[in-house]
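Engineer: One-letter residues, chain by chain:
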Amino acid sequence: MIWRAVWTSHGPPSYFIKGPKGMKFMPCSYREWVIERLLIAAAMVSVVIIAFIIITIFRTGLPLIAEVGLFDFLFGMHWRPGHEIFGIFPMMIGTLLVTLLSMLISVPLGVLAATFLAEVAPDVIRNILRPVIELLAGIPSVVYGFVGVIVLVPFIRTYFGPPGFSLLAGSIVLAIMALPIIITISEDAICAVPKSYKEASFALGATHWQTIKNVILPAARSGILAGVVLGSGRAIGETMAAIMVLGNIPAIPDSVLDPIRTLTANVALEMAYAPHGPHRQALFATGIVLFVAISILVVISNRLRRGQQL
Amino acid sequence: MISAHEKIAELTRWVTSPSTHEKTARAVMWASGLTVLAILLVITGFVVIRGIGAIDLEFISAMPIAGGREGGILPMIVGTLCIIAISTIVATPVAVASGIYLTEYAGTHPLSKIVTFGAEWLAGIPSIIFGLFGFAFFVVLLEWGFSILSGGMILACMILNETIRTTQEAIKAVPGSYREASYALGATKWQTVSRVVLPSAAPGILTGVILGIGRAAGETAAIMLTAGSFMALPTSLFSSVRPMSLHVYLLAIAEIHPGAVARAFGTATLLILTVLIANLSSRAIKNYYTRGLRQER
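Protein chains in written order, with the working numbering: chain B, 1 to 310; chain S, 1001 to 1297.
With the rest of the complex left out, here is chain S (with noise of 0.2 Å):
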């Protein structure tokens, strides 16, 4: 017969045992894992679920009634459009050109360094900061009101960092041996640059400008200080309007009309949708990037 003394000894062996340890161990970080990917689930699901019966060819191609809760969301899809057009076209030549200046010319210049920083900086500080800065600046300052063209300035200036990174790792990705053959061939730094090392790298920096895109039709906070909430078509670079993110804000806050949620959960649906799409085509680019690189080597 086992005394009641042996059992706790047991027991205290047991809890004390590595191997319980271990498996506890074990058993919470996967949890902890699983509860991730349940949470993702459970957010997309939930919002995909409710709003993809909301969208149809009317709801994308109506003009909104009632102030939104009735009819379609197209002068949304148009003005986010064009904000996100305008801040991908300012931005990411000004990336690209930074991205090559780090890697491929600044060495261990302290310029470097000053740049490194003031990135990471810019990506740190939040979006209504922007939007402070942007309505002081390019609303107020230079007279061009609540417009695409604020909104789409205000946007560059926030994917700046994120497109300057991804450049940086494209560049870097090009092997060596390319630019020593091309120097061997006599080509100069600048014709080594635009002609072997930007093409190869071409894939990798699109990667960034598509997840600089997917973030700008997300982003909110800045863009409600310098593009207004008109909901018209836009008629020139400097007509307000009311991207897609600011609509679901707009129509979550008032009043529960059920014409409204639906429009918000099919709005926020079609957001979901373009950040997936965003996130899956640029994983994709780089898949197929990387493969063809590690064949040629």
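Excised from the complex, chain B in its bound form (with noise of 0.2 Å):
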């Protein structure tokens, strides 16, 4: 049960780990092994998980992609579950809409805070916001629905006409649920800005605010382009708050007073009666377009973090 050192200047064992600074450590040990064997398993799980998803959506929904044509199904402007009529482009529209209006009030707000967490706040103001925005990412998103339901919309519909759910009570309500996000990771963004870049601009007889402006956010820039990607990948896959308060018409809008029905709603309202067959594999199709969706804004944002830590 001894691990033995072993420097491995010349070839390697046939099985080691790597241990601190050069030296290799050789498992003497069966149970070692296994155990270590074990760990890799467990930590295969979310690998595995994934891939148990693309295939049980993907096996579901592709027949469905393939009957009614990739073209027609993405493009088509009539979604009729009754007819066997399945076109999404509506859905994208609405969820492409609400993702866009949403991150164009929650982006510079979000930013602006994260500056302001970042470089201006007095520690007590920073001490009492840091946990109201954990608090604020983790109130589950039927709350903030329901608050929508109850202020928001009737808000909406009393001041600026019915039928009060709309893009416009939806892509507040979401932006406010992607505020924490895009607020955290800009500040580690910012907060992770080498110090001598801003000792730099102040010896140069910059201000603070131009060296934030010239200096800090420039350099922080993919950091917190990731945030907002990730901000509107939170958005894009927002469920029970965009069900509540977006209204669930599948039509293009005419007006941000208009209702809009999403991609997750749509799936999230019709699983619970669609019956099996080609209405519930249109909804599978559906998860797919969205799986896709959010897979590449994941990938993005994963290459935009890597990019500022180089």
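Everything labelled a hint here was simulated from the structure, so no lab data went into it.
Treat the hints with caution; some may be incorrect.
Straight line, CA to CA, 25 Å or less: simulated PhoX-like cross-link-like pairs of lysine-lysine [stated by the list, open to error]: (1) S:Lys1007 - S:Lys1023; (2) S:Lys1172 - B:Lys195; (3) S:Lys1286 - S:Lys1172; (4) B:Lys198 - S:Lys1023; (5) S:Lys1023 - S:Lys1113; (6) B:Lys198 - B:Lys213; (7) S:Lys1023 - B:Lys213; (8) B:Lys195 - S:Lys1007; (9) B:Lys195 - B:Lys213.
Computed from the model, here is a short list of chain B residues facing chain S with C-beta under 8 Å [to be verified]: (10) Ala43; (11) Val45; (12) Leu112; (13) Ala113; (14) Pro131; (15) Val149; (16) Val151; (17) Phe155; (18) Thr158; (19) Ala219; (20) Gly233; (21) Asp258; (22) Leu290; (23) Val292.
Nothing here was measured: the structure is a model prediction, and the numbers come from that model.
The C-beta atom is built at its ideal place from N, Cα and C for all residues, glycine as well.
Join the two chains, each given in its own frame, into one complex according to the hints.
Structural biologist: Pasting the structure below:
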């Protein structure tokens, strides 16, 4: 049961693990070997789950896309499951619009708040604001949706006109929900900018704001972008709040006061009663579109965040 | 006398001067920081103030009457607790083991990159996709039906990433000297990990588990497609339940009824309190623990 420390300046043994500073520990015990395999197996679970998700969703959804035709499915203007007409274009537009609008609200607010937290805020405010943002991130989406239904929707109905359930209401709710992600990741990015950059800028006589604007924010750019991408991922994937305030009509809206339906809402609303068959398959196919979109965003944000570390 | 010309010049100077920019920028940043604070206070305050009145002993201990418009929410509380228990019991060992592998064993092994990216990917996947997967896999393929078990398993998948990340952070915070001391005493790698590193990292891991519970309590979309919405006390792992979060949704979309709205506020308040308690307790544990580590150093 003893690990022999081996200096491997010559060829590696058949099985070894890296230890500190070039020293390699060779396991001499079967038990250690088994434990490491078990740990690897546990670590692979998240990858396996992803694989299972891909397999199940694609297996159910792809046959329908093949039957309807990818083009007709993606760009079909009508969604009438009763007549087996499946076009998700209005829902894609709905998701796109609500995401863009919510980002329009939350990105400026989020980045400014992150800069405030990282650079300007006194310690007292910082110590209040950080837990508050954590709490904001933890509040269930159904609570945001509920507040939207009780407060925001009647407000919009009264002051801007019916129906109240609208693109505008959804954008505001989703903007609030994306704020914590954008703030946290942007703040990390801003804090990761080397202090010497800031000192050099001050030494040149720049004011604090000039330093923030010309040095710190450009240096933190890719990290902030990663936060924005993840935030829009959250807005695209949000389901409960979207169902509750957006009105769920699968049509392309004429104004921000029209109701829309997102891809997520389409799945969540109809899964409950969709019978086994093409309708249910079409919902899984909607899931495929959603999954692909989110995966692209995850890859982009991953690249961006790695970009800043370099 | 100052001419209009000079006044304009002065104004231009004031507008373009760096110190004015500095003041404006500061004001804008303060405003946005305080806006974020106000948003949270308004949302939680609004829900809690209207909901706290609805919470009494009857509310948390009685069965619902008339589709939840009257009576209490006992089955929803029990359902939420059961689903949380299953997801935590399933996810914690797996997440802790992957955290240990990633921080202590993997090093620069290519596998660690794959696993880290996989966990990150998993974290980005929206809950409705998990719902679809859980429905097709647990509910239909494994024939578990709409049940506590299906819901708990899908939630386990969803909280996995967060627990892995907190475990990694907790293990990284354990000073290297602990490990070196253990190796110097002749301990094996696993002995070091299990008897030195894990006990020191345990409080940090606990905070991750608590945060996972907070998140699991509020999850709705995935649960809707896996646990059903049956309003009765569960009798086995395979009974369908209606968690609190789903109850809020179903009450909110039903026709306006004062009893339903009051109970929705009450349930939403319980959810917010759960998240609040989870956040506060994990923060308290973390503070206590980091202070202890610093003293030992």
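Engineer: Does each hint hold? Answer for all of them.
Structural biologist: Against the structure, the hints come out as follows:
Distance check on the hinted pair: S:Lys1007 and S:Lys1023 sit about 21 Å apart at the alpha-carbon level, within 25 Å; holds. The suggested pairing of S:Lys1172 with B:Lys195 holds, with an alpha-carbon distance near 24 Å, which does not exceed 25 Å. Annotation: proposed proximity of S:Lys1286 to S:Lys1172 holds, straight-line Cα distance about 14 Å (limit 25 Å). Distance check on the hinted pair: B:Lys198 and S:Lys1023 sit about 19 Å apart at the alpha-carbon level, within 25 Å; holds.
Of the supplied pair hints, the one linking S:Lys1023 and S:Lys1113 is violated, its CA atoms being roughly 45 Å apart against a limit of 25 Å. Straight-line distance between C-alpha atoms of B:Lys198 and B:Lys213 comes to about 11 Å, which keeps the hinted pair within the 25 Å bound. Taking the CA atoms of S:Lys1023 and B:Lys213, the gap is about 14 Å. The hint holds against a cut of 25 Å. Under the criterion of a C-alpha separation no larger than 25 Å, the hint pairing B:Lys195 with S:Lys1007 is inconsistent with the structure, at around 41 Å.
Restraint check for B:Lys195 and B:Lys213: the C-alpha separation of about 15 Å stays at or below 25 Å, so the hint holds. With a least beta-carbon distance of about 4 Å to chain S, the hint placing B:Ala43 at the interface is held under the 8 Å criterion. Among the interface hints, the one on B:Val45 holds; its C-beta lies about 5 Å from the nearest C-beta in chain S, closer than the 8 Å criterion. Hint on B:Leu112 holds. Least Cβ distance to chain S is approximately 4 Å, under the 8 Å limit.
A least Cβ separation of about 5 Å between B:Ala113 and chain S falls short of the 8 Å threshold, and the interface hint therefore holds. Hint on B:Pro131 holds. Least Cβ distance to chain S is approximately 7 Å, under the 8 Å limit. Taking 8 Å as the C-beta cut-off, the interface hint given for B:Val149 holds, the closest approach to chain S being about 5 Å. A distance limit of 8 Å between C-beta atoms decides the matter here; for B:Val151 the minimum to chain S is near 7 Å, and the interface restraint holds.
Given the 8 Å rule on beta carbons, the hint for B:Phe155 is violated: about 13 Å separates it from the nearest Cβ of chain S. This hint is violated: B:Thr158 has a C-beta 15 Å from the nearest C-beta of chain S, more than the 8 Å allowed. Among the interface hints, the one on B:Ala219 is violated; its C-beta lies about 17 Å from the nearest C-beta in chain S, farther than the 8 Å criterion. For B:Gly233, the interface hint holds, since its Cβ comes within 8 Å of a Cβ in chain S; the closest pair sits about 5 Å apart.
This hint is violated: B:Asp258 has a C-beta 19 Å from the nearest C-beta of chain S, more than the 8 Å allowed. Checking B:Leu290 against chain S by beta carbon gives a least distance of about 6 Å; that is within 8 Å, so the hint holds. The criterion of a C-beta within 8 Å of any C-beta in chain S is not met by B:Val292, whose closest approach is roughly 11 Å, and the hint is violated.
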